[in-house]
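Last residue of the sequence shown: 465 (my numbering), numbering continuous.
Some hints here could point you the wrong way.
Unchecked claim - Distance ranges between label pairs, derived from CB positions:
1. Glu-256 with Asn-391: 47 to 55 Å
2. Glu-10 with Leu-143: 41 to 49 Å
3. Asn-391 with Ala-259: 34 to 42 Å
What the hints assert, rightly or not - Under the rule of at most 25 Å between Cα atoms (straight-line distance), these lysine-lysine pairs were calculated in the PhoX-like manner:
4. Lys-343 with Lys-386
5. Lys-403 with Lys-386
6. Lys-25 with Lys-57
7. Lys-420 with Lys-386
In case anyone wonders, no lab produced these hints; they're calculated from the structure.
Even for Gly, the Cβ is constructed at its ideal location relative to N, Cα and C.
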Amino acid sequence: MELLKLVIVDDEPILLKGLVNTYEWDRMGFRVVGTAQSGEQAIRIIREKQPDVVLTDIRMKQVTGLQVMEEIKKTGQECLFIVLSAYRDFSYAQQACELGAFAYLLKPIEDEKLQETMESAYKTCMEQKKNAEKLENWERMVKRDSVSFLQVVVQKYLQDQIPFEKLTEVLETVGQMPEKEERFITVEADIDIAYKITNALEYEASRFALEKLLQEKIGSRYFFWHFPSETGAEIFVVKTKENTTVHELKAFLENAREELKSPVVASISKPYKGLTGIRKSYEEAGKLFELATASGGSTFAVKEEFGGKAAKGENTEETLPILGAIRKNDEKSLKEAFIRFLYALPDDEDLQRQKMHGVMLEAEMAVEDSYGMTEELKKQFQNYYSNMQSLHVSKEVDVCYKILCRAVELRKEYAEAHDIKGGKEYMNAAAAYVEEHLQEEDLSIVSVATHIYLNPV
9 MELLKLVIVD DEPILLKGLV NTYEWDRMGF RVVGTAQSGE QAIRIIREKQ PDVVLTDIRM
69 KQVTGLQVME EIKKTGQECL FIVLSAYRDF SYAQQACELG AFAYLLKPIE DEKLQETMES
129 AYKTCMEQKK NAEKLENWER MVKRDSVSFL QVVVQKYLQD QIPFEKLTEV LETVGQMPEK
189 EERFITVEAD IDIAYKITNA LEYEASRFAL EKLLQEKIGS RYFFWHFPSE TGAEIFVVKT
249 KENTTVHELK AFLENAREEL KSPVVASISK PYKGLTGIRK SYEEAGKLFE LATASGGSTF
309 AVKEEFGGKA AKGENTEETL PILGAIRKND EKSLKEAFIR FLYALPDDED LQRQKMHGVM
369 LEAEMAVEDS YGMTEELKKQ FQNYYSNMQS LHVSKEVDVC YKILCRAVEL RKEYAEAHDI
429 KGGKEYMNAA AAYVEEHLQE EDLSIVSVAT HIYLNPV
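Please model the entire structure based on the sequences and the hints provided.
Structure representation (structure tokens):
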């Protein structure tokens, strides 16, 4: 049995000696490391010896047992106080409880009662020690390997296994809360699944090489958290203060494609500030990755280019009018644009599905970037994505059109309720885009127009 430290306090020497010598403290799990005959002496000895338990008389001259408790409490020192009193005085007992006394015993002390109290105190102290040891080990582990630990925490948060509050708590504990000017960008990358069919042996090797190459390139410039998606794609949540990070990440991906000689499919979100930006960038990259995957081949979907040439292979001449009609909340224009889109679809059903999937992803992000996205509408989009493979193409066309029409309805309701005019929304969106990209050399009227789904002409 581990013996805990005990200090005994009583201003009557005979009683103090009796307390020390009468009882077999070691059988109760304690060893007496100090005694005191006054409150002042008790405070000094408690600070010096750091006992686990203090057994003290409550009524002493000058400094009482209650005052000793109060003084030790101010220092933050952790120990249990067992208070002794010859008086059945409720006010003393109440004050002792308020100061956190573990127990209140009356003199003369009953042996059985003392034994029971000390055993309970021993058990409580040992539990506290074990908990403190666990916390210390946890903090040591976190500090020693904080990057790997946080990587797991961020992954679990993004996969909805832990709440946002827990993520915040962990980041605060390890001192990794993002600074005011820091933003998060998510990259999702993989080798095109079609490559697995034509080059099965090289497919997994290329995926492994892509992971290592991106870790090296991104890690040479930025801090990141990295983990695989549910489908095995590589996800990098990048932390940055720089305005050119998206373009640099895109360059890394292009270099990886050239170096590996493999069809790399990837997406890059735009930068988002604060802890909430982690999830925003992650979800955006996920949707863009679906779009890039649907396009096939070596495709990069980059949010900052979205609305113009978002992904190599996307037929934006047909999709842009649909997005513009949604932005203008114009049901008639939406119908006309959707019909033109259908007439332009290829004959192959799989390609038709890819095109419809792509336009729905773009439409969803267009609504999210402006206004009108509700839980109802979000659920409709998600239900479509989950069930599109089981739908007949003709039924899929009907479902897509109904969702897009519902998006326009909800946007009109929101616009009327918040007095939003179409032109005002375009101007606000354009102004925000210009402000964000003001330092970039390739900023132009064309890039601004395509960002807000307007014809650049």
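These are the hints, each one checked on the structure:
1. Glu-256 with Asn-391: 47 to 55 Å: Given range 47 to 55 Å: violated, Cβ gap about 37 Å.
2. Glu-10 with Leu-143: 41 to 49 Å: violated, 19 Å
3. Asn-391 with Ala-259: 34 to 42 Å: holds, 37 Å
4. Lys-343 with Lys-386: Given that 25 Å is the threshold and the Cα spacing comes to 21 Å, the pair holds.
5. Lys-403 with Lys-386: holds, 20 Å
6. Lys-25 with Lys-57: holds, 19 Å
7. Lys-420 with Lys-386: The given pair, whose Cα atoms are some 16 Å apart, holds under the 25 Å limit.
Of the numbered hints given earlier, the model fails hints 1, 2; all others are met.
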